[in-house]
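**Q** Quick note, the sequences are listed as chains A and B, same order.
Residues 440 to 1089, numbered by the numbering used here, are exactly what the first sequence covers, in order.
Residues 589 to 698, numbered by the numbering used here, are exactly what the second sequence covers, in order.
Think of the hints as simulated: they come from the structure by calculation, not from any bench.
Remember, predicted model here, so these are calculated numbers, not experimental data.
Don't be surprised by glycine CBs; every beta carbon is placed ideally from N, CA and C.
Among the hints, erroneous ones may be present.
Derived DEER-like restraints, expressed as beta-carbon distance ranges [claimed, not checked]: (1) Gly627(B) to Asp538(A): 21 to 27 Å; (2) Ser594(B) to Glu555(A): 28 to 34 Å; (3) Glu511(A) to Ala693(B): 40 to 46 Å.
Not everything, but these chain A residues come out facing chain B in the computed CB check (under 7 Å) [said to hold, decoys possible]: (4) Arg674; (5) Met678; (6) Val686; (7) Pro830; (8) Glu861.
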Amino acid sequence: MRLALIRVLVTLTLLAGTVYVSWRWLFSVNWEYWWIAVPLVLAETYTLVDAVLFGLTVWRLKRRGEPPPPPEDATVDVFITTYDEPVEMVTATAVAALDIRHPHRTWVLDDGDRPEMRAAAERLGVGYLTRSEDWRDRPRHAKAGNLNNALFQTEGEFLLILDADQIPDPAILDRTLGYFRDPRVALVQTPQWFTNVTESDPLGSQAPLFYGPIQQGKDGWNAAFFCGSNAVLRREALMQLGLVGYVRETHQAVQQALATASRLVARTLRRARRDGDPAGEVLVDVQQAVAGARRALAGGEPLAEVTGAFQRRLRELSRELVGADLQAIQADLGEIAELGMEQDQETGLVVVDEAALDRLAEREWSPLGAIASVAELLRSVDVDRGDEAQPMMPMATVSVTEDMATCMRLHGLGWRSVYHHEVLAHGLAPEDLRTMLQQRLRWSQGTLQVLLRENPLVQRGLTWGQRLMYLATMWSYLSGFAAVVFLVAPVLYLCFGVLPVEAFGLQFLSFFIPYMVLNQLLFAVVGYGVRTWRGHQYSLALFPLWIRACVTAAANVWFGRPLGFVVTPKTGVRGRQPFPWRLVLPQLVAVTALVVACVVGVVRLWTGAASSTIGTAVNVAWVAYDLLVMSVIFQAARYRAPGRDEELVS
Amino acid sequence: MEFSTSEQPGAVVVHCRGRLNMVAAPRLKELLSSTVESGGQRVVVDLTGTDFVDSSGLGALVGGLKRCRQAGGDLRIAGAGQQVLTVLSLTNLDRVLRPYADVAAAVDGW
Chain A
440 MRLALIRVLV TLTLLAGTVY VSWRWLFSVN WEYWWIAVPL VLAETYTLVD AVLFGLTVWR
500 LKRRGEPPPP PEDATVDVFI TTYDEPVEMV TATAVAALDI RHPHRTWVLD DGDRPEMRAA
560 AERLGVGYLT RSEDWRDRPR HAKAGNLNNA LFQTEGEFLL ILDADQIPDP AILDRTLGYF
620 RDPRVALVQT PQWFTNVTES DPLGSQAPLF YGPIQQGKDG WNAAFFCGSN AVLRREALMQ
680 LGLVGYVRET HQAVQQALAT ASRLVARTLR RARRDGDPAG EVLVDVQQAV AGARRALAGG
740 EPLAEVTGAF QRRLRELSRE LVGADLQAIQ ADLGEIAELG MEQDQETGLV VVDEAALDRL
800 AEREWSPLGA IASVAELLRS VDVDRGDEAQ PMMPMATVSV TEDMATCMRL HGLGWRSVYH
860 HEVLAHGLAP EDLRTMLQQR LRWSQGTLQV LLRENPLVQR GLTWGQRLMY LATMWSYLSG
920 FAAVVFLVAP VLYLCFGVLP VEAFGLQFLS FFIPYMVLNQ LLFAVVGYGV RTWRGHQYSL
980 ALFPLWIRAC VTAAANVWFG RPLGFVVTPK TGVRGRQPFP WRLVLPQLVA VTALVVACVV
1040 GVVRLWTGAA SSTIGTAVNV AWVAYDLLVM SVIFQAARYR APGRDEELVS
Chain B
589 MEFSTSEQPG AVVVHCRGRL NMVAAPRLKE LLSSTVESGG QRVVVDLTGT DFVDSSGLGA
649 LVGGLKRCRQ AGGDLRIAGA GQQVLTVLSL TNLDRVLRPY ADVAAAVDGW
């Protein structure tokens, strides 16, 4: 019944929205001030697309009700991931994990490798895992790496993943494992709920719209998201993902490496001939070996066979060269040691970019140096993945938010996911604005990295519904640009009479008001009983952060720049602190401008400099809305979380 | 799952009997590592007696391949039955490892 009402409202909202935005594009753009008129209509179009994606999401809102009972004999590993959280916090979570009713083994995955954490784990009798020796001097891939390391040291059929602060309910497995009776299900996600949050929640930590209608809607499209914690995963699905990814990545890397090798050898051969170096002639054989390997690979020969034979051939050939110019070889060997391929700072992804390979191919090698560097290049990307700690990385490492990327790949392989709407773990939210901003920045950067690296719209194996569900979340992180336009436009009108719309008259209102009212109504019905207002506020109020995320993620993916990413601290900074002016400076500027604009606008109307009462009224109302929305950031800046030391002890 | 090893000229053969699943995978990985460390650089994993394999089992093979290659050796698989071949192709791992018909074929001309 409620779903029918939602569908009616979605249809009406999108109809009204389409009519309004069409009218805006076709009849009401004020081309005289195109430099603000066009951005404004673009921002409104952005918002309409957002509404379409939201409408699609809730169209299939799925309430699952009672879960089936767990499969018989299901074996489970409970992973508690930690990096630098206080030992007492992890211990409290581990104690709660031991109390989970369904049989399981509990493990603390300590990426900080702390002796006191190990001692605490041993005292409790829970497993303790740190990175194996293989990870030394190799990319660590943050939390994804921590989980990947643990996957190969444990053997449970299912994995419950908990962040260090997420205290599980004893029933968490009994309530979730049943969904795995369907052999296609790879993931069951439950909500995140925070205990250290006041009723008014100025930091907007609770996300009831997301852990509710949005996840339920995505679930309807078989696209419920993995959110990194409070979720159960099927080991077989992850391992399959790891294998498929390993085969794909290794294939690509070897192909690229062989292409580079081919250029490098040809160049060295030309130079050796020019200099009359007889040792160069062995490179003709190397050239043939490279060409043969490339042909074999293109012909579908298994990779291990091709590279194994190729490496053996290289060893034979370099033996023939021993005794050649020793000095040149020494110089080259030093160079080869430096050859380690470049890695992205945060994700540790090997950057096999054109430029790096070019530099390699362009360098002047001695003949033996050329062979050795080809061998080294191949080894670093070959089937043993010498560049990585372990050859298989089931948890995706393309993004700092491994959860979304992993989930999308699982869906791409045809696995199913489930959202179970019942709070089964209680965690701790950031306790001050600075920490909250860091966390939001990391999420948005990670999401945008996935968008730019693995655009859901072109991923094979996903249904169109799934593609749009992933796009919906990514799209929402682009809101910063639209927000700036929505803040600037009324200021321009009120202060300078710059009119982006042909007229703010009755015609405008007759198109705009139905759309706006229906939209609000839809949110009221979808979000009935939950607080959606904070989320609305932050999508506008955090505009500087959203823009920063877009810029840094693009610079990172396209130009290999660092993200400037920090691990989110789970404990807030205590005690009295000065108001964090710097964190909210852009918002402060915006609010000042809005207030000044209101005063100026009213004065202009009064003195006759402005003529349209409706225009001024519409813009003043618009500013009032902006101010109401932005006010949250100042509440957040003053906010200090309630003490929670007592809760941790209990 | 039962494991045993035997020597062939130039290679060590690891025989896997039973179900090579997530429970057996860590043991196989361990066994392959110790085989490489004790000097067997060329390893054939004989799957003739393996009637079931899952992705974790294949993961152990990939781990073993890495160990062998790093020690300057190699790893091959032999005697895979129908279920194993299906999983190999499902995960594309047959694009990396050639499933040899039997141990003799695997060591031939290595």
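**Q** It remains to establish, for every hint, whether it holds in the given structure.
**A** Here's how the hints hold up against the structure:
Range check, Gly627(B) to Asp538(A): about 48 Å between beta-carbon atoms, so the 21 to 27 Å window is missed. Taking 28 to 34 Å as the suggested C-beta distance range, the pair Ser594(B) and Glu555(A) does not conform, at roughly 47 Å. The given range of 40 to 46 Å is respected by Glu511(A) and Ala693(B), whose C-beta atoms sit roughly 41 Å from each other. The interface hint given for Arg674(A) is met, as the beta carbon of that residue sits about 6 Å from the closest beta carbon of chain B, less than 7 Å.
Evaluation of the Met678(A) hint against chain B yields a held restraint, the C-beta minimum of about 3 Å falling below 7 Å. At about 4 Å, the closest approach between the beta carbon of Val686(A) and any beta carbon in chain B falls short of 7 Å, and the interface hint on this residue holds. Hint status for Pro830(A): holds, given a least beta-carbon distance of 5 Å to chain B, under 7 Å. Contact between Glu861(A) and chain B, as hinted, is not supported at the beta carbon level, the nearest pair being about 28 Å apart and thus beyond 7 Å.
Checked against the numbered hints given earlier, this structure breaks hints 1, 2 and 8; the rest are met.
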